[in-house]
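Q: So the chains spell out like this:
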Amino acid sequence: QKEVEQDPGPLSVPEGAIVSLNCTYSNSAFQYFMWYRQYSRKGPELLMYTYSSGNKEDGRFTAQVDKSSKYISLFIRDSQPSDSATYLCAMRDDYKLSFGAGTTVTVRA
Amino acid sequence: GAGVSQSPSNKVTEKGKDVELRCDPISGHTALYWYRQSLGQGLEFLIYFQGNSAPDKSGLPSDRFSAERTGGSVSTLTIQRTQQEDSAVYLCASSLVGGNTEAFFGQGTRLTVV
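Each protein sequence line maps, in turn, to chains Y and G. Here my numbering is used: the first residue of the first sequence is 1, the next is one more, and so on. Here my numbering is used: the first residue of the second sequence is 1, the next is one more, and so on.
A portion of the hints provided could be inaccurate.
With a Cα cut of at most 16 Å, we get these calculated EDC-like pairs of lysine to aspartate or glutamate [stated by the list, open to error]: (1) Y/Lys70 to Y/Glu45; (2) Y/Lys70 to Y/Glu15; (3) Y/Lys96 to G/Glu102; (4) Y/Lys67 to Y/Asp93; (5) Y/Lys67 to Y/Glu3; (6) Y/Lys2 to G/Glu44; (7) G/Lys15 to G/Glu85; (8) Y/Lys96 to G/Glu44; (9) G/Lys11 to G/Glu85; (10) Y/Lys96 to G/Glu85; (11) G/Lys17 to G/Asp63; (12) Y/Lys67 to Y/Glu5.
Quick caveat, the hints were computed from the structure, so don't treat them as lab data.
Let the sequences and hints guide you as you build the complete structure.
A: Have a look at this one:
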């Protein structure tokens, strides 16, 4: 079993829809949780960074962490075609980042 | 520059040749990571540098892979006697310190071994 599990999709939604992404993990030592967005042939771009359980909001993006369930989520409201990308969850306990496989999202105009 | 810079962007090499990939981290960032991303796969940890501490090399797949970081700044990842299975995108990231700070990635080097 992988340390971090993420459904690779693909996920296709119409413009304006809410995109819901999630990851589960097995290592209870993970303390820091991140979401990266990666466009085709580009490096991952940090979207959200959270430490504790709960919600964190940044514009159209909301990250949720539930440490008791070992489950994290990313919600994208009012999705745009420019949100079409691969979304990677990542987490760390000390310094090493462990990544999910990434979910490919397409927002249809 | 403002971000992590990697060079070259693309590299095509013949099987058996050696390659060097370069990473220039964000100024002031003491932690530096190398990851590998194969087609359709997640990011695979290769190596971690933190200041003057001994690097964590636990992710290097074989002794053909090595990395160094000179002066606590620029890092070079070297792959000797390249094989076709080495074809991947090699990503470098840096963070202010290793533990509880965000890690920022460069654009990656796309390596193709033919």
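Q: If a hint holds in the structure, say so; if it does not, say that too.
A: Here is how each hint holds up against the structure:
Taken as a hint, the Y/Lys70 and Y/Glu45 pair is broken in the structure, with Cα atoms around 23 Å apart against an allowance of 16 Å. Simply put, Y/Lys70 and Y/Glu15 have alpha-carbon atoms about 30 Å apart, too far for the 16 Å limit, and the pair is violated. A hinted pair counts as satisfied when its Cα atoms are at most 16 Å apart, and Y/Lys96 with G/Glu102 qualifies at roughly 12 Å. At roughly 13 Å between alpha-carbon atoms, Y/Lys67 and Y/Asp93 fall within 16 Å of each other, so this suggested pair holds.
A C-alpha spacing of about 14 Å is found between Y/Lys67 and Y/Glu3, which places the hinted pair at or below 16 Å, so the restraint holds. A threshold of 16 Å between alpha carbons decides the hint, and for Y/Lys2 with G/Glu44 the separation of about 12 Å falls inside it, so the pair holds. Our distance criterion of 16 Å between C-alpha atoms is met by G/Lys15 and G/Glu85, whose separation comes to about 10 Å. For the hint linking Y/Lys96 to G/Glu44, the alpha-carbon distance of about 11 Å falls within 16 Å, and the restraint holds.
Proximity of G/Lys11 to G/Glu85 is assessed by CA-CA distance (about 14 Å); at most 16 Å being required, the pair is judged to hold. Between Y/Lys96 and G/Glu85 the alpha-carbon distance is near 24 Å, which puts this suggested pair outside the 16 Å criterion. The suggested pairing of G/Lys17 with G/Asp63 holds, with an alpha-carbon distance near 15 Å, which does not exceed 16 Å. The straight-line distance between the Cα atoms of Y/Lys67 and Y/Glu5 is roughly 15 Å, inside the 16 Å bound, and the hint therefore holds.
Hint compliance for this structure: hints 1, 2 and 10 are not met, and every other hint is.
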